[in-house]
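Asks: Sequence:
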Amino acid sequence: MKLIITILFSIQFMSADEVLPIEIPLKGEAAERNLEMSGLAWYGDNLILMPQYVNKEAPGFYFLKKDQINNWLESDRVDALIPEKIDLIFPNFDDAIGGFQGFEAVCFSGNNAYLVMESKHDGVMHSFLVSGKMDFKQKRLTINSEKLEPIKLPVNIKNMGYESILKYKYRLMILFEANGANVNADPNAELYTTSLKHKASVSFPNVEYRITDVTDIDSHGRFWALNYFWPGEKKRLLPAEDTILDVFEEGLTHQQYDHVERLVEFKINSKEIVRTNTAPIQLVMEEKSRNWEGLVRLDKKGFLMITDEHPRTILSFIPFPKN
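Here the sequence shown stands for residues 1 to 323, where the numbers follow the working numbering.
Everything labelled a hint here was simulated from the structure, so no lab data went into it.
Backbone N, C-alpha and C define an ideal beta-carbon position, used for all residues, glycine too.
Among the clues, some could well be false.
Using 30 angstroms as the maximum straight-line C-alpha spacing, the simulated DSSO-like pairs for lysine-lysine come out as follows [unchecked claim]:
1) Lys137 x Lys158
2) Lys199 x Lys120
3) Lys120 x Lys65
4) Lys56 x Lys167
5) Lys133 x Lys27
6) Lys271 x Lys288
7) Lys120 x Lys66
8) Lys133 x Lys120
9) Lys197 x Lys158
10) Lys301 x Lys65
11) Lys152 x Lys66
12) Lys169 x Lys271
13) Lys267 x Lys152
14) Lys66 x Lys158
15) Lys158 x Lys65
16) Lys147 x Lys120
17) Lys152 x Lys137
18) Lys137 x Lys169
Cβ pair distances, simulated, as ranges [what the hints assert, rightly or not]:
19) His310 x Gly123: 20 to 30 angstroms
20) Lys199 x Leu252: 37 to 47 angstroms
21) His121 x Ser75: 40 to 50 angstroms
22) Glu23 x Lys147: 32 to 42 angstroms
23) Leu252 x Ile89: 44 to 54 angstroms
24) Lys199 x Val274: 14 to 24 angstroms
Model the full assembly from the supplied sequences, consistent with the hints where possible.
Replies: Structure, rendered in structure tokens:
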């Protein structure tokens, strides 16, 4: 009997395991808190770091080479990495969009870039889809000024818009930030052509809190999403029951604090997107929540994630759980 109790306790403890983020220290302009990093994406073997608010005097995105990151992970992990800059050429969206609030998501297909932007005008949130061209030899990304595609929001919630974009076959798929049962009862993912024309809506499950970024899709149609909650947004998000934990044990620091920092896996079927049976990856949290805004896979090792300004700019490696 004692052996059975020990085994049951061990299983419960394993299911409550959390993963400790390994911070990769940054130096240089990309580490500045006021840029509010908002997205990560791979351009070949280059990790693109996208700020929400670019430097107006010298606008740009930033990048690290995958080899730099892997070498750092295999080293003593002491020296800070200095992301290089990619000049950003783009129209004055402050004039074109009322209440322009910067860039929210980015993905690449070859040299083509696809970005989601956000604005707030007269108390109403708006999201827009734009495209661009990368000239990596010149370290320059040029946003197309001729096409600005508005995206209809399912609900108007302060500071909530479309925050995730990925390439799905020959389409672009975007996801809204708030998909909880009490604020967005029937959420969808929206599919667009690469010429920024809306083609279809695909059912997406109710997920409480916020979805702030997604990885690319693997060969089985699966992708991971950043699922984050800051208790200060409780009145906006009106969280319902957190069904993701119906069959999984809540992590130890998640039991200790009210905020939520985790990754959740989804799969795209022919007519819907569903949660997989894979356990969520719950992060070891601190007293101050970290507003994770960017997410990519790092080969088969794990993930790279980045925060905005809260509590500061943090780039971290998240290894795949061992069990």
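Asks: Going back to the hint list, which numbers does this structure go against?
Replies: 1, 3, 6, 7, 11, 14, 15 and 17
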